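Visitor: Make a model of the complete structure from these sequences and hints.
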Amino acid sequence: MLARQKYPWENPRVLLTSMKNTYTFIVVRDPFERLISAYEERLLGQLHPYFKNLSHQIYKRYHNDGNEYGIPSFQDFARYVIDQSRNNQPSDLHWRPINDLCTPCLARYDSIIKMETFGPDLAYLTNRTRLDGKIKSVHMNHSRRDPLDRLIEKYFSQLTKQQFEDLYDLYRIDFELFQYSPDKYLQFIKYS
Numbered sequence: 006m007l008a009r010q011k012y013p014w015e016n017p018r019v020l021l022t023s024m025k026n027t028y029t030f031i032v033v034r035d036p037f038e039r040l041i042s043a044y045e046e047r048l049l050g051q052l053h054p055y056f057k058n059l060s061h062q063i064y065k066r067y068h069n070d071g072n073e074y075g076i077p078s079f080q081d082f083a084r085y086v087i088d089q090s091r092n093n094q095p096s097d098l099h100w101r102p103i104n105d106l107c108t109p110c111l112a113r114y115d116s117i118i119k120m121e122t123f124g125p126d127l128a129y130l131t132n133r134t135r136l137d138g139k140i141k142s143v144h145m146n147h148s149r150r151d152p153l154d155r156l157i158e159k160y161f162s163q164l165t166k167q168q169f170e171d172l173y174d175l176y177r178i179d180f181e182l183f184q185y186s187p188d189k190y191l192q193f194i195k196y197s
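Residues are numbered in the working numbering as their position in the sequence shown, beginning at 1, plus a constant of 5.
Worth flagging that the hints you see were computed from the coordinates, not collected in a lab.
Just so you know, not all the hints are guaranteed correct.
[As the list claims (entries may be wrong)] Derived lysine-lysine pairs resembling DSS-like cross-links, with alpha carbons at most 25 Å apart:
1) 195 x 65
2) 189 x 159
3) 189 x 166
4) 25 x 139
5) 166 x 195
6) 119 x 189
7) 159 x 57
8) 141 x 119
9) 119 x 139
10) 159 x 65
11) 159 x 195
12) 119 x 159
13) 166 x 65
14) 119 x 25
[As the list claims (entries may be wrong)] What follows is a set of in silico ranges between Cβ atoms, one per label pair, in the way DEER data are often shown:
15) 173 x 24: 26 to 36 Å
16) 95 x 22: 20 to 30 Å
17) 106 x 162: 27 to 37 Å
18) 73 x 122: 36 to 46 Å
19) 193 x 136: 17 to 27 Å
20) 68 x 167: 16 to 26 Å
21) 128 x 91: 34 to 44 Å
22) 166 x 70: 22 to 32 Å
23) 22 x 162: 38 to 48 Å
24) 68 x 129: 42 to 52 Å
None of these values were measured; they are calculated from a predicted model.
Each residue gets a CB set at the ideal place from its N, CA and C atoms; glycine is no exception.
Guide: Right, dumping it as C-alpha cells:
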C-alpha cells in the first residue's frame, strides 16, 4: 500500500512501450498458496489497521452472531474473495489474480520467476542479465507457523466443492499461464 503511494500504477501503454527496451521478468506463486499467505499474514496477522478492519467486516458479513470483532475463517475469506469477484468489486493486491495485476497476456516477459524455485530462477536471471555478484542476497519471508501442506489441509478442508470450483475459476488463468495444478488441494475439499 505504501509502495503504491510512491510508485503509482503505470499507464499500460507506456509500460508496454518501455518494456521493449528492457529485460523484463515477473515473479509468480501458486495462486492458492498466495491466498493462504494473504489470509494468514493480512487477516490473521492484522498488523495494519486496514486489514484489521477488513477482517472484522468479513466476519460480520458471514456471521450473524452479534460479535463485532470475530476472526473470519478461511472459508469466510474464500467466500469474500469469490463475492468480491462476482460483484465486480476491486480486490486487494495481496489476493488479486496475477493476471489482473501484471497483464502477462499483453506483456512479453523475458523470464518468469516462481517462488517455489526462487533460488535457481534468480540465479538464471542474474546470469542472463549479467548481474552476477551485483545483487545482494534476497531475504525470503518464511514467517509461516505451520508447514504448507498442513495449512493446505487445514484451510481447504473448510471449503465446499462449489467454493473450491468458484475459487479455481477466479484463479484459472493464473493456474494455466504459470503451469500450476490445483490437484494437491482437491483431496481436502468437503464433498458433502
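Visitor: Now look at each hint and say whether the structure bears it out.
Guide: Okay, the hints, checked on the actual structure:
1. 195 x 65: 24 Å, holds
2. 189 x 159: Answer holds: residue 189 to residue 159 is near 13 Å, not above 25 Å.
3. 189 x 166: 14 Å, holds
4. 25 x 139: Given pair residue 25, residue 139 holds - Cα atoms ~23 Å apart, limit 25 Å.
5. 166 x 195: OK: residue 166 and residue 195 at ~6 Å, within 25 Å.
6. 119 x 189: It holds: about 17 Å lies between the C-alpha atoms, which stays within 25 Å.
7. 159 x 57: 22 Å, holds
8. 141 x 119: 19 Å, holds
9. 119 x 139: 21 Å, holds
10. 159 x 65: Satisfied, since the Cα-Cα distance of roughly 22 Å is no more than 25 Å.
11. 159 x 195: Satisfied, since the Cα-Cα distance of roughly 12 Å is no more than 25 Å.
12. 119 x 159: With a Cα-Cα distance of about 24 Å, the restraint between residue 119 and residue 159 holds, given a limit of 25 Å.
13. 166 x 65: 24 Å, holds
14. 119 x 25: 22 Å, holds
15. 173 x 24: 26 to 36 Å: 30 Å, holds
16. 95 x 22: 20 to 30 Å: 26 Å, holds
17. 106 x 162: 27 to 37 Å: 28 Å, holds
18. 73 x 122: 36 to 46 Å: 43 Å, holds
19. 193 x 136: 17 to 27 Å: For residue 193 and residue 136 the Cβ distance comes to about 41 Å; the hint is violated.
20. 68 x 167: 16 to 26 Å: 20 Å, holds
21. 128 x 91: 34 to 44 Å: 41 Å, holds
22. 166 x 70: 22 to 32 Å: 26 Å, holds
23. 22 x 162: 38 to 48 Å: 47 Å, holds
24. 68 x 129: 42 to 52 Å: With a Cβ separation near 47 Å, residue 68 and residue 129 satisfy 42 to 52 Å, so the hint holds.
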